[in-house]
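Student: All chains, please: the whole structure from these sequences, using the hints.
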Amino acid sequence: MVGDSSSVIVSDYFGVIVSEAKQSFKKEAHMDLKGSIKVKDLNFYYGTHQALKNISMTIEPHQIVAMIGPSGCGKSTLIRIFNRMNDLIPQTRVEGEVLIDGTDIYDKNTDVVSLRRRVGMVFQKSTPFPKSIYENIAYGLKIVGIKDRRILNEAVEKSLKRAALWEEVKDNLNKSAMSLSGGQQQRLCIARAIAIDPQIILMDEPCSALDPIATARIEELMGTLKDEYTIVVVTHNMQQAGRVSDKTAFLMHGQIIEFNKTTDFFTRPSSKVTEDYITGRFG
Amino acid sequence: MKLPSSSVIASEAKQSFKDLIRSSFEQTRFQRALWDHAMVYVLTLCAVFMLFILFTILIHLFIQGFTSLNLDFFTQLPKPVGEKGGGMANAIAGTFTLLGLAVCVGVPIGLGAGVYLSEYANQNFAQVVRFMADVMNGIPSIVYGIFAYIVCVLPLKSFSALSGGFALGIMMIPMITRTSEQFVRMVPSQLREAGLALGVPKWRVTVDIVIPSALAGITTGIMVALARVAGETAPLLFTAFGNHYWQRSLTEPIAALPLQVFTYAIAPFDDWHRQAWAGAIVLILMVLLINGWAQFYVMRRNRWSSGK
Chain V
0 MVGDSSSVIV SDYFGVIVSE AKQSFKKEAH MDLKGSIKVK DLNFYYGTHQ ALKNISMTIE
60 PHQIVAMIGP SGCGKSTLIR IFNRMNDLIP QTRVEGEVLI DGTDIYDKNT DVVSLRRRVG
120 MVFQKSTPFP KSIYENIAYG LKIVGIKDRR ILNEAVEKSL KRAALWEEVK DNLNKSAMSL
180 SGGQQQRLCI ARAIAIDPQI ILMDEPCSAL DPIATARIEE LMGTLKDEYT IVVVTHNMQQ
240 AGRVSDKTAF LMHGQIIEFN KTTDFFTRPS SKVTEDYITG RFG
Chain D
0 MKLPSSSVIA SEAKQSFKDL IRSSFEQTRF QRALWDHAMV YVLTLCAVFM LFILFTILIH
60 LFIQGFTSLN LDFFTQLPKP VGEKGGGMAN AIAGTFTLLG LAVCVGVPIG LGAGVYLSEY
120 ANQNFAQVVR FMADVMNGIP SIVYGIFAYI VCVLPLKSFS ALSGGFALGI MMIPMITRTS
180 EQFVRMVPSQ LREAGLALGV PKWRVTVDIV IPSALAGITT GIMVALARVA GETAPLLFTA
240 FGNHYWQRSL TEPIAALPLQ VFTYAIAPFD DWHRQAWAGA IVLILMVLLI NGWAQFYVMR
300 RNRWSSGK
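Chains V and D are the protein sequences, given in the same order. For the first sequence, numbering that gives the first Met the number 0 begins at 0 and goes up steadily by one. For the second sequence, numbering that gives the first Met the number 0 begins at 0 and goes up steadily by one.
Since no wrong hints were added, every one of them can be taken at face value.
Footprint (simulated), chain V over chain D, 3 or more residues, beta carbon under 8 Å:
1) 201 to 213
2) 294 to 305
Capping the alpha-carbon separation at 25 Å, the derived lysine to any residue pairs in SDA-like fashion look like this:
3) V:K174 <-> D:T218
4) V:K146 <-> D:D207
5) V:K124 <-> D:W303
6) V:K174 <-> D:Y296
7) V:K124 <-> D:R300
8) V:K33 <-> V:Q62
9) V:K174 <-> D:A293
10) D:K201 <-> V:L151
11) V:K130 <-> D:M298
12) V:K160 <-> V:H61
Quick look at which bits of chain V chain D covers, simulated, 3 or more residues with Cβ under 8 Å:
13) 167 to 178
14) 185 to 196
No wet-lab data here; the hints were simulated from the structure. Keep in mind the model is a prediction, meaning the values are calculated, not measured. No residue lacks a Cβ here, since even glycine has one placed at the ideal position from N, Cα and C.
Tutor: Written out as structure tokens, the structure reads:
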């Protein structure tokens, strides 16, 4: 029968992917970790322009996934799908499914505000609020109604320590957050994101405005944060992707060209385009 | 005969074009320098003329008014006709009261409208409102006075401080709307996104993050509006009306510096004329004081933000 033969071919063709997905599913079930992302046949449009095409990928909990690709390839758009940041842009449209811990975040019943509390984000340009260092961290907690000074103090200290910023600012918590250096501001933003205890942290080119020393500190930080959070990081820096991530995705023209373990990705790229890109033949 | 190739012709044409530019450049050198100097001269003259007007006013005010500018002026009530001396204490307090009331009306509505236009409004609607605000800014102040007279004085059946404050307040609304919209719009969108990405509802992002970021500009806008209405006389003629004594409640007519200056200036007494000049000086100083305080506040805030 026609239907049978074609399904055989398809299952053969995707055999590897399917079995990998099954494995990851088992793993998830066993380890019971929070913070998995599963994307199924995602299409995304800015007006009539299709920015993402047939994206399917699975991000396992407590992994660092790097996204690389030339400018305009859709990597930032994709990362902003995960906390529905693209909702803010008028005339955008999403097709397909994005499951975070098994729940479709584009379901019409999804509460976007509580989704964003579970999926934190750090931006390319550091964005300290016009408040003191202390208030920047405590703000996210105060919003949910935590007023107890002791709990707030504790959370501020813990988050700043976690973001490796505590030692530098502990005597100046009431100083304006704008007075910090670029690298410190970025770590403050990370501390602010983890203060409300999310499951996933999205980072959109977090180091592109930082010098190599500040970059190294952020990368080190990502390594330690992995124990508690799933991290998705967009970067233009392939060495960075190689250094920090467990898996790397390569996007071009809104499509995932390759998504693989980082070690394999850089040593044995399966596609010619990926190889050309990572060896610097274009892009 | 061998014809020159097209490329030779082209390069010759290019050469002569370059020569043409160079020679005409040389020829016009003197002319250009002349225009350059002339324009700078004219512009400087304009700037100096503006300063000249300001200083003429200030110097004239001081010469005419400073003899009446003593402690009594700030502490005494106006004396009855014929008696020398007295002051404008009630008018000074009255102006502060009226400005306070005007702020209560103008700032919440103006700021609210400005924030709405920048953060929430549909762009076509915002365009219409912006245009209307500009039209409102152009309405003569006496019309605001008549409006306040109809909606405030007639129903209350009395001239009052409230209606005066209302008249000045509604004058401030379109000015504050325009400036606060501009400054709120200038807040980088990343800051809004950062707030939203933290799981903060949009209204809290607006109140806690966006408005504080634009506060310096918003404050300046409010101060400019305040300074403009502080000197308004026409809308107060129909509303606050003026009062020779201390007013006992906000529902009574109230004295105001511009009104007092106006009344004294058209009176036939020399002493009153001098007091009118002094009143004008105090009015200008008040505006300067309010502006200076606002500038100081904004500067201190900025200094804190930048960590110096």
